[in-house]
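Position chain E relative to chain Z; hints supplied.
Protein sequence lines, in the order shown, are assigned to chains Z and E.
Sequential numbering of the first sequence, starting at 10, is according to the working numbering.
Sequential numbering of the second sequence, starting at 10, is according to the working numbering.
Just so you know, the hints here were simulated from the structure itself, not pulled from any lab data.
One or more of the hints may lead you astray.
Just so you know, same-sequence chains aren't split out, so a pair can sit in one copy or run between any two.
Simulated crosslink set (DSBU-like; lysine-lysine; CA at most 30 Å straight-line) [unchecked claim]:
# : residue 1 : residue 2
1 : Lys58     : Lys68
2 : Lys148    : Lys68
3 : Lys44     : Lys99
4 : Lys147    : Lys68
5 : Lys148    : Lys99
6 : Lys58     : Lys138
Each chain is listed here by its residues.
2 protein chains.
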Amino acid sequence: MPSPRKPNPARRNERSRRAVLDAARDLVSELGYPKVTIEAIAARAGVGKQTIYRWWPSKGAVIFDSFLALSEGSEGIRLPDTGDLEADLKTVMRATVAEFADPVFEAPVRALNMEILGDSTLAALYHEKVAGPVDEAKKERLRNAQQAGQLAADADLDLLLEVLYAPLYQRWLLRSGPLTPEYADALVEITLRAFGHRPAGPGPS
Amino acid sequence: MPSPRKPNPARRNERSRRAVLDAARDLVSELGYPKVTIEAIAARAGVGKQTIYRWWPSKGAVIFDSFLALSEGSEGIRLPDTGDLEADLKTVMRATVAEFADPVFEAPVRALNMEILGDSTLAALYHEKVAGPVDEAKKERLRNAQQAGQLAADADLDLLLEVLYAPLYQRWLLRSGPLTPEYADALVEITLRAFGHRPAGPGPS
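So that you can see chain Z by itself, here it is in the shape it has in the complex (with noise of 0.2 Å):
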């Protein structure tokens, strides 16, 4: 049995990579990307320069890799499936408002949107690591839906993933309404009208 004194490098490294990218992603959220510095990320951190150039080349990837963290795991995610669409749909988007109207969440990754939307190749990348995995668990769970009789077999699944969550992103983005549990239920209840939601029936007992 080891002895909880002995030194671990691996887990004494695990814990410094964790406290850079939370600094990293702390000091973009409080000074905004151009502002921050490698020599203050270590500052914060606790750790020295060369321990954040050793595993990272610049400060755009450790900027990169900090925001990456945040959805760690995500390639094993999946939806609640429930066999009811409606109410998997508003359980996932409520918790999703729930993220957008919490500042500790929101403001770094309103600050991570700034970037890619202003930069091409670091859009792409995000697609491919987060949003398209993400998207991904999100259509097999319609599919399933699909197979059920629940949503129309010829819905297209792209189009109703934007017109479920482009409303909150921009609402979000623009500050141009509130972000409340009466607002992820709207836009799953309009979404599913409009892609020809049949609720499914009381199954056999």
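Same frame as chain Z, now just chain E:
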């Protein structure tokens, strides 16, 4: 009858003002907001710096005005009203999609959006001067459709406009898909289905 050769200070002023606004917008598209200077705007417009400072207090003010000029006259805008809501919205959305697919239009609008997303004061001003009046014109057309029984009487028109426009806005901002006439039509059809559209029957001859 006034001689066409007689100098007309008002007309010359208007010409200079237009040249300054065009130069400001072009330079923001080419260089990005942070790199644009009053000197560069003056040089491009062929006027002296003092001419710019006579009319605008700051670089921010002249650039903001340059974008407002894009939508000058928008207070008097009206949407087409042929009595056929679906056809009218498709006309408008196809034109909007074409604008956002046009590099000459989209580059300065993207620059403006970047400024707005990072500056909530500018966002409020933009909403008051541009987005608000344009949305009001759109809602006027939708209210006519409600009165004609072509749209659910209790449809939430703000939500309807979000569902209609936000997918286009997101697709354009994130460059996440093609901007085509077919896309414009699909957004209109999906939105109308979601909000209880009933096409007008043949009217009395």
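Against the structure, the hints come out as follows:
{"no.": "1", "hint": "Lys58 - Lys68", "result": "within (11 Å within a copy, 38 Å between copies)"}
{"no.": "2", "hint": "Lys148 - Lys68", "result": "neither (34 Å within a copy, 46 Å between copies)"}
{"no.": "3", "hint": "Lys44 - Lys99", "result": "neither (39 Å within a copy, 45 Å between copies)"}
{"no.": "4", "hint": "Lys147 - Lys68", "result": "neither (32 Å within a copy, 45 Å between copies)"}
{"no.": "5", "hint": "Lys148 - Lys99", "result": "both (15 Å within a copy, 28 Å between copies)"}
{"no.": "6", "hint": "Lys58 - Lys138", "result": "within (27 Å within a copy, 47 Å between copies)"}
The structure fails to meet hints 2, 3, 4 from the earlier list, while all remaining hints are met.
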